[in-house]
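Engineer: Sequence:
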Amino acid sequence: MIQLHVEFKIKEERKEELQNAVEKVFLPAISIQKGFKNCYFLLNREDNTKGELIIVFDSEEERQAWVATPLHETAWGEVGANLEVLALKKYDLKAWK
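Residue numbers (my numbering): 463 to 559.
Among the hints, a few may not be true.
What the hints assert, rightly or not - Below, in silico cross-link-like pairs of lysine-lysine (DSS-like), each with a Cα-Cα straight-line distance of 25 angstroms or less:
1) K556 - K471
2) K551 - K471
3) K559 - K471
4) K486 - K512
5) K552 - K471
Keep in mind that the hints were calculated from the coordinates and are not lab data.
All of these numbers come straight from a predicted model, not from anything done at the bench.
Using the sequences and the accompanying hints, generate a full structural model.
Structural biologist: What follows is the structure, encoded as structure tokens:
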């Protein structure tokens, strides 16, 4: 499994619009994608204009297939209009037993 971490800052006075875009557009669109596992939307407790979006897919290939769709362009466009991306980080998930 892989994770994409998107660190962001919410644009001024756009918190409600961002929440609506995530709940009504982005999550419904990404949740039907092949290999999608989960999505977490974290807000910083000390500065709630900053946060992190964590997206989990079975593989990077499946995540890239989602990114290549027109639905991604629309859904991310709705979200991205409300925030400034500060950093993108990709992680491989490993579990040790």
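Engineer: Work down the list of hints and note, for each, if the structure agrees.
Structural biologist: Hints, one by one, checked against the model:
1. Distance restraint check for K556 and K471: the Cα-Cα separation of roughly 29 angstroms exceeds the 25 angstroms cut-off, and the hinted pair is therefore not satisfied.
2. For a cut-off of 25 angstroms, the pair hint linking K551 to K471 stands: about 15 angstroms separates their Cα positions.
3. Distance hint between K559 and K471 is unfulfilled; the C-alpha atoms sit about 36 angstroms from each other, more than 25 angstroms.
4. The straight-line distance between the Cα atoms of K486 and K512 is roughly 21 angstroms, inside the 25 angstroms bound, and the hint therefore holds.
5. Taken as a hint, the K552 and K471 pair is honoured in the structure, with Cα atoms around 19 angstroms apart against an allowance of 25 angstroms.
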